Amino acid sequence: MGFVETFFNWGVLTNALPLLLSGLKVTLSLGAVSILAGLVLGLFIALLRLYAPLPVSLMARVYIDIFRSIPILVLLIVVYYALPFVGLRLSPFLSAATALTLVSGAYTAEIFRAGIEAIPRGQFEASEALGLGYRHTMVDVILPQAIRVVIPPLTGNCINVMKDTALASVVAMPDLLKQATQAQALEANPTPLIAAAAMYIAILWPLVILVGRLEKRYRRVVSR
Amino acid sequence: MKPVISIRGVSRRFGEFKAIDNIDLDINEGEVVCIIGPSGSGKSTLIRCINLLETFDEGGEIAVDGIGVERGPALASVRAEVGMVFQSFNLFPHLSVRENIMLAPMRVRKLAKPEADERAMQLMRRVGIEAEADKYPDQLSGGQQQRVAIARALAMEPKILLFDEPTSALDPEMVGEVLDVMKALAHTGVTMLVVTHEMGFARQVADRVVFMDAGRIVEFGTPEQVFTAPRETRTRNFLDAILSH
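Chains A and B are the protein sequences, given in the same order.
Letter by letter, the first sequence follows residues 8 to 231 in our numbering.
Letter by letter, the second sequence follows residues 3 to 247 in our numbering.
Okay, chain A solo, but in the shape it has when bound (with noise of 0.2 Å):
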């Protein structure tokens, strides 16, 4: 067989698509629900480090460190392989958005703990001098702020999300990673492998593109 037909087999890849798009929808709705849920608890972690009591504050450090050197992988594997024994057995979708949730809510919290502090004092002290409580001199002054500073990196970690999201494969999580592996073994061809790739940076390039013009657009808007 010829390079074009091992590689590039337009019959293999008729065959194969049903399945990757399958694999791709799982793949998008993991990479989602992951983002979403680790911005949330990313900017609840960040508020508790800045704000919290010591003791509070220091167990959100704690986390933040652990959740920054554990690699995603083999917290994937203790989340599906052993939280079973303490009778707690997530679906492989669960498994694999909680690990890339706990990760990934560990860097957003340092990105919304480097941007809030990016935020000079003085906005506190005019919030505070004008009477506003702790709610609303974040939610109407230093988070719209905050949020110009940490979307270049924002964006920048849920690339690494969606790259992630391939992991949940190793957990027989039907993803396009694995659909892609399934159907390489199904018609003996490389070709599925060779298109998930493809749809991978197609979703990806976008985004790396849409982070360097962010950085660029910015960079500006801060340092005026």
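If you're looking for bench data, these hints aren't it; they were derived computationally from the structure.
These numbers come from a predicted model, not from an experiment.
Yeah, the Cβ is synthetic: ideal placement off N, Cα and C, and Gly gets one too.
Be aware that a few hints might be false.
[Unchecked claim] If you want the footprint, here are the derived chain A segments under chain B, 3+ residues with CB under 8 Å:
hint	stretch
1	72 to 86
2	137 to 144
3	147 to 156
Starting from the known structure of chain A, fit chain B onto it as the hints suggest.
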């Protein structure tokens, strides 16, 4: 007359260094008081204690309109009565001029949006920035920004206004427009406490002048007395140094 701000035995230590040292001061309602003195003499620290942006050492007492200034539920009502204008403006950069002025009345005073907007409009006219209502702070000159900051503080209808070196960060040609707004305010009956290096303003507008040095109040009297017949050598030396050129 009953003092609207009463400061008793207030100190603020940073380690060994005393930023302010056992200050007593009464400010009467409607009075305009300027605080002058060399850099590092504790002027800013003193007025920042009044709305507790700076904490002061135990044993001291500050009361604003009879309410003790301390951490707790009463602090919000003190801060609602005390407006502050900062050296570096501290406008909210993500909000337009109008929104900067409307925010606190809506969130703290619970004003409805149309009322807050109308109050903002009146204040913008009063400080002469109504043409910039929908611009953002970084599109304004320093003088315009500081006038917005004054309008923002006024929007809470405070009894007391604190000014922390309001013209020190301005280009010289913009100092006048801000001082003019402050002069106009002085005649409205609001109590003003102004930390400043503008001796002309202090002399012309203040009812009383405080001279501070090394964390203490050295002299406190009418502008006439402090500027033309200072009792203390330190006051005289300071005035000689800055008025000689």
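How the hints compare with the structure:
Given as covered by chain B, the stretch 72 to 86 of chain A fails the check, having 0 residues with a CB less than 8 Å from a CB of that chain where 3 are the minimum. Only residues whose C-beta sits within less than 8 Å of a C-beta in chain B count toward coverage, and the stretch 137 to 144 of chain A has 5 of them, enough to reach three; the restraint holds. Residue count for the stretch 147 to 156 of chain A with a Cβ under 8 Å from a Cβ of chain B: 5. That meets the three needed, and the coverage hint holds.
Hint check: a violation occurs at hint 1 only; the rest are consistent with the structure.
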